[in-house]
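Given chain A, put chains B, C and D with the ligands in place with the hints provided.
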Amino acid sequence: MAPLIAARGISKQFAGVEVLSDVDLELKAGEIHALLGENGAGKSTFAKILAGVYRPTRGTIALNGHIADIASPIVAQKLGITLIHQEPISFPDLSVAENLVLGRTAGAPLARVPWAEMAREANHYMHLLGVRIDVTRPMRGLSIADQQMVEIARALASDSRLIIMDEPTAPLTPKEVETLFGIARRLRAEGRTIIFISHRLEEVRQICDRVTIFRDGNKIATEDIGNLSDADIIRLMIGRPLKEYLHKSGHAHIGELALKVEGLTLPGVFRDISFEVRKGEIVGLGGLVGAGRTDVARAIFGIAPAESGTIEVNGQEVSITDPSQAIGLGLAFVPEDRAVAGIFRTLSTEQNITAAVPWQIAPGGLIRGALERAMAQDSVRRLRIRLASLRQPIGELSGGNQQKSILARWLLTDPTVLILDEPTRGIDIGVKAEFYDMIGELAAAGRAILLISSELPELIALCDRVLVMSEGRITADIPRAEATQEKIMSAAVPQAREVAA
Amino acid sequence: MNAESPAVATGHDAAPPRPRWQVLLIRPETMTLILLILGVFAGSLLSPFFLDINYILRSFTLYSEFAIVALVLTMVIIAGEIDLSPAANMALSACIFAWLQANGMPIPVAVVLGLVSGLAMGAVNAFFVIALQLPSIIVTIGTLTLYRGLAQIIAGDKSIRVPEWFIGVDKIMLVGIPLPVVLFIILAIVLGVVLGNTIFGRQIYQIGTNDVAARHAGIRSARIKVGLFLLVGVVAAFAGIMTASRLGSVRYDLGLGGELQMVLMAMLGGTYIFGGRGTILGTFLAAWLLVIVSTGMIVANVLPAVQLVVLGALLIVSIIATNLIYSRTQR
Amino acid sequence: QAVGHNFKVVYIGKNTGNPYFDSITGGFEDACKQIGCEFEFVAPATAEATSQIPFIEAQIQRGVNVIAIAPNSPDAMNQVLDDARAKGILVLAVNGDLVGNESHRDANILPVDFTKTGPNQVELMGSLIGYTGEIAILSATTEAPDQNTWIAAMNKTLAEDPKYKDMKLVATVYGDDQPEKSTTEMEALLSNYPNLVGVIAPTTVGVAAAAQVVQSRGIADKVHVTGLGLPSEMRDFVKDGTVKAFQLWSPYNEGWLAAYFADGVLNGTIKNEVGQTFEVPNLGSITIGDKNVMNTQAELTTFDASNIDDFNF
Amino acid sequence: MNVLLTLLRRREAGIAVMIALFCLAVGTVKPQFLTLDQMRIILLLTPLIMIGAMGQMMVIVARHVDLSIGSMLGFSAMVSGMLYRFDATWFGFDVPWWTGVPLSIAVGALLGFGNGILIQLFKLPAIIVTLGTLSLYRGMTFIISDAKQIDRQWIPSEIKGLSQTSILTIPKDFPIAGGFNIPWIVIVAFGVAVLTYLFLMHTRIGRQIYALGSNPVAAPLRGINVAAVTLLVFTISGALSGLAGIMYASRWGFVNPSNTGSGFEFQVIAAVVIGGVSINGGVGTVLGTVLGVLLLGCVAAALPLLGIPGTAQSAIYGSVILVALLIDRTVRRQGIASLKRVRA
Ligand SMILES: Nc1ncnc2c1ncn2[C@@H]1O[C@H](COP(=O)(O)OP(=O)(O)OP(=O)(O)O)[C@@H](O)[C@H]1O
Ligand SMILES: Nc1ncnc2c1ncn2[C@@H]1O[C@H](COP(=O)(O)OP(=O)(O)OP(=O)(O)O)[C@@H](O)[C@H]1O
Ligand SMILES: [Mg+2]
Ligand SMILES: [Mg+2]
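Top line first, the protein sequences correspond to chains A, B, C and D.
No gaps in the numbering here: position 496 of the first sequence is 496 in the numbering used here, and each next residue is one more.
Position in the second sequence (first residue = 1) + 1000 = the numbering used here.
Position in the third sequence (first residue = 1) + 2000 = the numbering used here.
Position in the fourth sequence (first residue = 1) + 3000 = the numbering used here.
Don't take each hint at face value.
Some but not every residue of chain C turned toward chain D, in silico, with C-beta under 10 Å [stated by the list, open to error]:
#1 T2183
#2 M2186
#3 A2208
#4 A2209
Keep in mind that the hints were calculated from the coordinates and are not lab data.
Computed from a predicted structure; not experimentally measured.
Backbone N, C-alpha and C define an ideal beta-carbon position, used for all residues, glycine too.
The following block holds chain A by itself, in its conformation from the complex (with noise of 0.2 Å):
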């Protein structure tokens, strides 16, 4: 009998770039398949061309030995496949119930909107799922983690042959992730076919019968998960085993205290934070997405400032009410969001490198290109920008090089303190180790660097110390020596601190 899913050659370019090169890959009726792989291996971008999101630059995909083109996501939809993206999508001004059904096939335009079923329909789901949300209410304003569900309520009342999950787990609790795989499961029993995408291997383990692995956009191997222990899948994944490219940058020094943060409460977002950040240390801040890593990062930084609690600069209590007091005071922000709160997409490169110091290359206000020029060409020479012309667009340039400018920005700023969040996200394996190795040389020069990260070997590997962050307080303060993946994750999930105490 043919797979219900057989995707032959398939590669994906971006603006040149090859993020997939020639994925086989086969899928059969009523199997739990999961997708492993470092950031930016490729999975989403494989799972988004299945769902008709991208069309693959080269290669094939049949449905049942029948050659399928998946044009669109409606063309997907048809076809019975379903995408619950990794970044959940909502329609902020629609209900719950609504962004529920919404984009089904079914129906001419001008048919009747069935509120009551809908809300009938999403409430079964919603009680399926066992979360508790008012159906009716709009979505904005939804945690990330109950939009996530409603995102499988999709899914799930889609009732597709194939459904792929992209990171589903990553803000959920341990509880909705039982429910999950409980459903997870039934389908499976219902001869219904999932992709499961995960960084977390405990789970893999739990529910998927067969692995893919993907590097660089390359699969490396489909097999059952009984015949690949944790070290092989990471191999697998890594090309080498970990240690050896998180090497654990230990001689930078531990100087004085040079950031200190006591007490920073923002209703509603975080409250009662305090840690302290020593010149030379690197301090990890970990966490599950929406715990409130940013918004910390945030308020220091003056961007959306905290109303209670006091923040020191080596030592001085000091008020940050705007950015441009903290670039003063010596801090620095590498956002999480590069498109939204790093780059000027249309302006060329130098700009973007020197945005941060305008005096620097305008003394006496006037613009001189040439200072510009040598100062953006010089970080480019250190950071191992990869360009062709200082004139070029940051936009045209790839995420990983984007993120090397964004960072140099701040290096010309002479920051002692650097707040990196989620510096490596969706950066490719090679320039993300380029990135381990300036850190740790940050580090060494003296720089105090407070990392946040969803990435849990690289908080283990890379820091000093390890602060977990959950629904908005600080929940545990883990020392390298005993920083484990599980210490981590149990003090980011909610429940898991209950238990604790």
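Quick look at chains B, C and D with the ligands alone, frame taken from chain A:
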């Protein structure tokens, strides 16, 4: 460009750069210039009386007030905001000025107060847009109605005269060019330098391209935007008072519909309505284009109807071209 | 210096699409056919105060001999009109004058003697309401110079002529020559003055709006509307009895007179001086009144069911 | 607390209160403002704006804006007017009185479709395109009409009758409200509002308009045909402008190439904004818009009654818009605060 040599280790992930000549020539301003030249040709074909530099200069004075404001408006639009109220602002500050001097206030004081009122109107816009974070397009549609209305309350629909000696800026000639045109050219040069070569200008582009990123980079976008709204306000007031001097009298409907003219100038010059792109040069050229086209048609006694059609078509064509050009440089 | 009869005359209307100017233009055209001059009509898209200026500039540039204009503003064009006259162009205000700025034009051609308009209108209204009852005036804008002269005259007549002692003017409101505004003002009049018996609207937009309100409320028997209107716009109201009678003059003759006057002045056969008299075909002898104002006819023409169909403008 | 919040968030409540207060205030000074008769006057002031506002609302909910409605109104009214004026010369017979209605709607729809095509095909910002067509369509109106007005004698009396006669008329001798009637165009306007409500709230495509405005990026991922929806809203906006066009001919009894519809866009956008439709798309209700229109109507009717000179009108409109924006702002503040609460 040996400075760039080390960087030209072009990786698989870096797209090749666009050749220099493209960077220089494929820009909206080029298109505006071409249209301008075509306009001159068309004009001289349409009417034998058209091609007379003095006539064109004289005609430009009729649009010079709008053109001057359009230069500042360009910066506002590049910064990602828009202001539709300047024309109404011109009317109100001109009325305030005229009313004050008609009621015995010495002209210089009246002028100053007129400018101050313009500044105040800019401040009101800034308050709603920046402090209350309301969309500038709607806010300024509101204030445009309000300012025009206040002007109407002050002046009724009679016109307020200004003294003889104050009349006729447009008759003052510098090297054979009417003063308003000279002012326009000077302002264009100044703002061109500010926008192109100073930190302030640089940051205007950055705010317009990505306000969030700009704030993260320590750029005080709110301050800059407030500054721009104030600048438009005071310049509009200046333009209004200049109009009063040209016409010799002030009515509440002074500069009626000017906001569209101003936006038109900016757009024809290749300024991108959503911010981040555009140049003073473009608006400068577009102002001339607009004058050439309208006066060319008027002197040829072309129906005003046709003029409306041509202007509308021009705007759409130019925005399409601009978009194509930008999407090309976008990739 | 005689320029001959093939001179260039241009008429600048208030705005395009204004039916009133079609018939003035007709007068110019026919006269120029007779005389042999070149005539052109231009007008801005909107009747805003400064919108005529570029057109005047353009005409100067085109070297026309005569600029006839229906001014959108009594003073906004002073400067540019002076430029024109400095270039030896004859500047005539036709239908509407530069009130208070007469020195900026050479002569002014008005359809009738405006001092008689007020009394004429009052008499017409009186005849409709039997010379008794409350009446109101619905005018154009508060500062419209012509309307204000007429309104002043009406007040004077009502106050001084014993014939009208029982007619009481209760209100004067302004519709700004916009249909919407005029209508709401008319409605307000009716609710504010329940025993109103007549409304005089000395403006074409106003009288049509007022008539329409009366028609839609079906109170034509109670409230009489009259004023200055265009037959083409009022015809229906006269036919269905909403309006018994209204008045106007012949715009056509304004154009006709203007063209002949210009021809005479340019060729020295007419001296543009107060008190001068000259003959114009179909109009007979015309006298140049003070401030160089001249009229095509003495009294207003009254239109009613009997003659409305004889007029096509 | 929460109850208060939800009440506050009901934008419509706010406007309703504003209207009530305003009417009472005026009523105390001028009692006749609170009569049925006056209500009829107010109602007669609103139909065109109401019809235009329904179209504009859809466009704005879809995160666009249409500045060309005034010119579309003028053009479509002119086409019908010319049909009535010249039908005898063109076809040698008089067309039935109602032909102008479908004609205007069709012409308007065509112009609106033109806007949509430019915007969707070339991916242009609606505000600029419609700014262009604002002037383009107006010019075309002048050209086709040779800048000549269509006088009332040419507009069929049935058309003019639509703004006078009515289905429900209380007999003259009836004790209360004798002779009170609601003219057809008012009924048509409210009919359009009801249809718009049904369309936006109870059809799939209607909801897709909200979805598109609420999150344009995600819309295609949910299988929403962005091109189709965009074209649709602009076509509807055009069609309704066309309807408003023939209504204009009915209400004012003439069609003028320059006046007819000029400035319409500002009145309509004002009404829509006052009605609480968010310029950022995705938010807005028919009820709110209707109330916004009525508020403007009350203001317009009250001014002459109070003897406030017309010169003060636009200042008052401007203030009303800004006040509405302020209210909107504070309400949204509440919204954001509650959102943050949800998270912790
Ligand atoms: N729209 C896009 N444009 C350009 N590059 C993209 C785009 N989407 C993804 N990429 C790049 O493709 C590569 C693969 O991205 P993808 O999201 O598939 O990785 P992933 O395996 O899902 O990583 P993660 O585990 O973080 O989700 C990354 O380098 C990313 O930067
Ligand atoms: N309930 C919510 N409503 C609206 N936005 C939210 C909500 N929860 C989280 N966010 C947003 O999602 C993003 C991630 O949440 P936040 O930054 O607070 O935590 P985080 O731990 O930094 O998450 P991340 O892992 O994405 O960095 C932030 O931009 C935050 O504003
Ligand atoms: Mg992914
Ligand atoms: Mg974060």
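Quick rundown of the hints versus the structure:
1. Annotation: interface hint on T2183(C) holds; nearest CB of chain D at approximately 8 Å, less than 10 Å.
2. With a least beta-carbon distance of about 9 Å to chain D, the hint placing M2186(C) at the interface is held under the 10 Å criterion.
3. Satisfaction of the interface hint for A2208(C) is found here, the shortest Cβ-Cβ separation to chain D being roughly 7 Å, below the 10 Å cut-off.
4. Because the smallest distance between the Cβ of A2209(C) and any Cβ of chain D comes to about 8 Å, under 10 Å, the interface hint for this residue holds.
Checked against the numbered hints given earlier, this structure breaks none of them.
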